[in-house]
Amino acid sequence: MNNKKKEGFGAFDLFALGFGAIIGVGWSITLHRFSINGGGPIAASLAFLISMILFIPIALVFAELASAVPVAGGVVAYAQRSFGRKAAFIAGWFLTMSYLEILPLETISITEVLAGIIPVLRSGPILYTIAGSDIYLYSAIVGILLACIIILINRKGTNTIARFQSSLTLLLIVTASASILICATKAKAMNLLPLYTPMEGKAHTSFLTGIIAVCALTPQFYAGFDTIPQSIEEAGGVEKKKVGRIVVLTLIVAGLFYALIITASAAAIPWQELIVLPIPVLSNLMTTLYPGFLGQAMYWITMLGALSGLFTTWNSFYVAGGRLLMSLGRYRLIPAAFAKVNERNVPYVANVLCSVIMLLGPLLGIGVIDILGIIGSFGFTIGWMISCLAFLKLRKAEPDLPRPYFVQNGGLIAGIGAFTCLVMMVNCIAPFMPGYMGNFGLLAVVIWTVLGIVFFTVTEKEHAKQVKTE
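If you're matching positions, the sequence shown starts at -2 in the working numbering and goes up one per residue.
In short, the hints are calculated from the structure, not lab data.
A couple of the hints might just be wrong.
Only pairs whose alpha carbons sit at most 30 Å apart, straight line, appear in this in silico DSSO-like list of lysine-lysine [stated by the list, open to error]:
#1 Lys458 / Lys237
#2 Lys238 / Lys393
#3 Lys337 / Lys239
Take the sequences, apply the hints, and build the full model.
So, in structure tokens, the structure goes:
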């Protein structure tokens, strides 16, 4: 009898992959930025709840597509099947931008967390300054070493990845729940007032525009439910219908969590005092609320939760990013070498690129986080919108395609999802909108777009020659 455990993700592993990708470190380390970006915690909480509701149609679209087209790469596969190479490249190229920017972003965050625990990391030589943030030698070295842990884990195959991700996600859920309960014991409604305050350097000018400004960032914070379809080929024996349910459940649980942690922490202390607490914000909030043993214990518990969230997001997007690049390679939208996998089904060439990008993180600084976040949000909305359009196209072109997870009123749902993405895209790139990414962010997107046009032109010529000779 063969007792060898089957390689693949189980149901909870898939949930851990998605939830762990969504809930990174912002809920703990930079908790104050939600209120700053919205002009208050109520505006920020409402923005996350509104965005969750708006993203549910998009999650439903992914739920059906993942069950109907269960191949790695998700969005790229859906776009290729529905509209052909150009749409697949656009979706894949901008999602690649978003996935890759998260890798160094998490590296930046983890060095900030550790610097709060180990002050010596900020006492060494300063290499240079980026966006007003000093880059310290010791901090950069530690960040690079930790990035290597993720790289090594992903060389071991799906089972090792699943155990690592699931264990840390459980730890994240426990520590985050404890944090919410501790904050709730000190909660007072008056601490949430005033509902709105203008913030220096932010484009919002009212309670409503504060909500809109935070909504521009939410695609970045909700990105993660779409990592599940990226890895569906490794979903073991999980029923395709159940995979669809996991996609939707992941989004809803994450949305409720964000709203709870933002509201509970701000209600525990006057929110204008919360936003000036030093990083790590939630940990320092705990010692402010409880100066004794309990506060110190919760300080370290929240730090443990923050580290768990960092590693789960880091790992999820490393896994999904490699599978996305593998899918682009399969369709010859980028060099075919990216489609190569080893004996454990790990896309090792794609992972090399992910590793290089991730290792750049410690060489950047906390000052670029907001810029990276809004750029990532823009790329996600492009990929999600194309997925909604692919959903509509496949419903018409392939009505008999088996859909284990079937969305009722699918046309309306996908239409709402596509419109939501369009509005959020405009909010990110239009200078007159509260969520505008700024000139530097827009320049980065333009450069990435031009590179994409050049890259696609070259690969398209090679693809045409290959087709002609076959």
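Outcome of the hint check:
Of the pairs offered as hints, the one joining Lys458 and Lys237 is violated, with about 37 Å between alpha carbons and a cut-off of 30 Å exceeded. At roughly 21 Å between alpha-carbon atoms, Lys238 and Lys393 fall within 30 Å of each other, so this suggested pair holds. Simply put, Lys337 and Lys239 have alpha-carbon atoms about 29 Å apart, close enough for the 30 Å limit, and the pair holds.
Going down the numbered hints, you'll see the structure goes against just number 1.
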